[in-house]
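Q: This is what each chain is made of:
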Amino acid sequence: MDAAARHRSPALKIFSALFIIIWLVIAAFPFLWTFWGSFKVELDFFSKADWMNALTGPLTVLKAGSPFTGEGYEGAWIQEEFWRAVLNSFLVCFFVVCTSLTIGTLGGYALSRSGFRYTIWLLIIALIFRALPQMTLVSGYLLPFFEWNLWGILPTSIIVLVAINQPFTLWMLHSFFEKIPKDLDEAAMVDGCTRFQAFRHVIIPVMWPGVITTGLFSFLLAYNDFIVTSMLLSKENQTMVPKIASFLGTTQTEGNVMFAVAAVVSATAPLFVLVMFFQRQIVSGLTAGAVKG
Amino acid sequence: MKHKTFFWFFLPTGLAMLLFIALPIVSVVIQSVYTPHEQVIIEVENCGPFGCTKATTVDNEATAALREAQPLGRFVGLDLYFNRGHLATQEIAASWSSSASIGEFFSDIFNLPFYRALAFTLTYTFVVTPLLIVLGFVIAVAVNNLSTWLKGPVIFFSLLPMIVTPLVGSLILFWMVDSRGVLGAALQYLANDPGLSLKSSTPLTWIMLMVYGVWSSAPFAFVVFYAGLQTLPQDTLESAMIDGATRWQRIRYVVIPHLMPLVTFVALIQLMDNFRVFEPVVGFKAEAHATTLSWIIFNDLGGETRLLSSAATTSVLTIIGIAILLLPVLVRTWRDFNAKT
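First to last, the protein sequences are chains S and P. The opening residue of the first sequence carries number 1 in our numbering; numbering runs sequentially from there. The opening residue of the second sequence carries number 1 in our numbering; numbering runs sequentially from there.
No wet-lab data here; the hints were simulated from the structure. Every value quoted in this text rests on a predicted model; they were computed, and no experiment measured them. Don't be surprised by glycine CBs; every beta carbon is placed ideally from N, CA and C. Don't take every hint at face value.
[To be verified] If you want a taste of the chain S side facing chain P, the calculated C-beta under 10 Å gives, among others:
| no. | residue |
| --- | --- |
| 1 | L12 |
| 2 | W23 |
| 3 | I26 |
| 4 | F46 |
| 5 | S47 |
| 6 | G65 |
| 7 | Y118 |
| 8 | Q134 |
| 9 | S139 |
| 10 | V162 |
| 11 | R195 |
| 12 | L220 |
| 13 | M276 |
Please model the complete structure; the sequences and the hints are all you need to start from.
A: Right, dumping it as structure tokens:
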């Protein structure tokens, strides 16, 4: 398009810029505010007198000697043993991502290479499974898990999260594998490879972009999960999100809300880093799903 | 690919889904027609110096043995579905015949836990979904017009509300709208009412939750539409311009039709996700004013008593609900697929 055609009236430009600025404030300000406030004492972060206190922190100065205090973090990480939950969270995420990708790539590859009609049905069934609220599934697990003594331990939650993750993983990997030309593995099979060898030596080396993107979303699902981990894990095995929820329920004494605030900031930090490094993959992943719709 | 090869490739993922998604549905259906055993009552005759008296006591041993032998409980058929905690047919019939006005009837229904949750879940789903699609579209168009070096950072910040853990996101907003938080104070100032508290009013709680819903899901719509805008057919746009179409007409007749399949996709995903809304209710501590279907299942499952059967019944009703909600979209997806293959 030439410059004249792209020309926009100044009013529209200003309106558009203003809109973006407002949206950015709405999207980002809550995080900055909470991050800043997590270094204050509770009476500053929740100030009855003046909201400015949360910025300057006069009571924090009185109590800790400087406008910033790590009290909330200390309380959450050491006193309430948040580090244990962090460790559990990363264990869960690691195993969920690995298992989910391993079985997901096999299934997604098969779905993309089989021309039979049942693949469509399998994908539709996966879509229906994706639609089921996780809470309804959890209510199906509890009784059998109690009966078989599987309740409360990390491996159970990991397997459940992997399974819940599968429909989405399959759809995404299916659409990625569709983009890899069929000639590639068929040529290998003409040369005498079995289907699995073709997959192993030809497809695996070229599938990483798609797999990494799918892995990111598996990670997010496992990391952000509250329903499965809060219902299926015992107190000692809790991951971060249920742990944060438990801060809210039990600790109503002054200062303990700040434990939750500090824990919330701690739990959000890895996600920030993730988005910073993998922004392109996240955007392309959401789109890949959309293209196949 | 041969059937046999396909089978082995698909087996692990198929098994996982079968065991942990399909079977739980069966388990939920079975649990919903059973209810825990009542305590075994025995009649004991106590004979003393003043004659014999009969007393009833709970036979703990027999109760435990019965519960051990049949962990599912006793079969009650569809009773649970129609009791007060779920479809409450009797209560509705009674209210229908006794209430003087239609308003009174509805307020009676609104006091039944299942209908209360259903009302909020449906309102939430059907208010939040269109709003987030519109907001996402406007953001996408605005970001698309930015200069290239600005796009990266803007997309980064726009993604945050979506990426962050739902519970964490709702807590962050909840702390801000707390009457001692910055947004709560600002609202009190704007409304000129120092006693204003979002938490204590039902309509305001509903609005707060829906604002959270739009805030957390609009980025998803934005990213999808933004990607769609990158593939806009430039020829069509240019010919529209040559024909003298205004900016608005170009958006209306070229851009929106091009993005229509993506709108369907976003609507499908968001209908699924909004219908299962749960975390905000916990994060905003909103259960006194707004409950959702997922939340009442959670409430039954948790706590001391663990009302598994009641939760299972609500789960079955929820599954039926999502099936009705998504049927039109699923039929459409299936037709698209058939057209393609």
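Q: Now look at each hint and say whether the structure bears it out.
A: Quick rundown of the hints versus the structure:
{"no.": "1", "hint": "L12", "result": "holds, 7 Å"}
{"no.": "2", "hint": "W23", "result": "holds, 6 Å"}
{"no.": "3", "hint": "I26", "result": "holds, 7 Å"}
{"no.": "4", "hint": "F46", "result": "holds, 4 Å"}
{"no.": "5", "hint": "S47", "result": "holds, 6 Å"}
{"no.": "6", "hint": "G65", "result": "violated, 24 Å"}
{"no.": "7", "hint": "Y118", "result": "holds, 8 Å"}
{"no.": "8", "hint": "Q134", "result": "holds, 7 Å"}
{"no.": "9", "hint": "S139", "result": "holds, 4 Å"}
{"no.": "10", "hint": "V162", "result": "holds, 6 Å"}
{"no.": "11", "hint": "R195", "result": "holds, 5 Å"}
{"no.": "12", "hint": "L220", "result": "holds, 7 Å"}
{"no.": "13", "hint": "M276", "result": "holds, 7 Å"}
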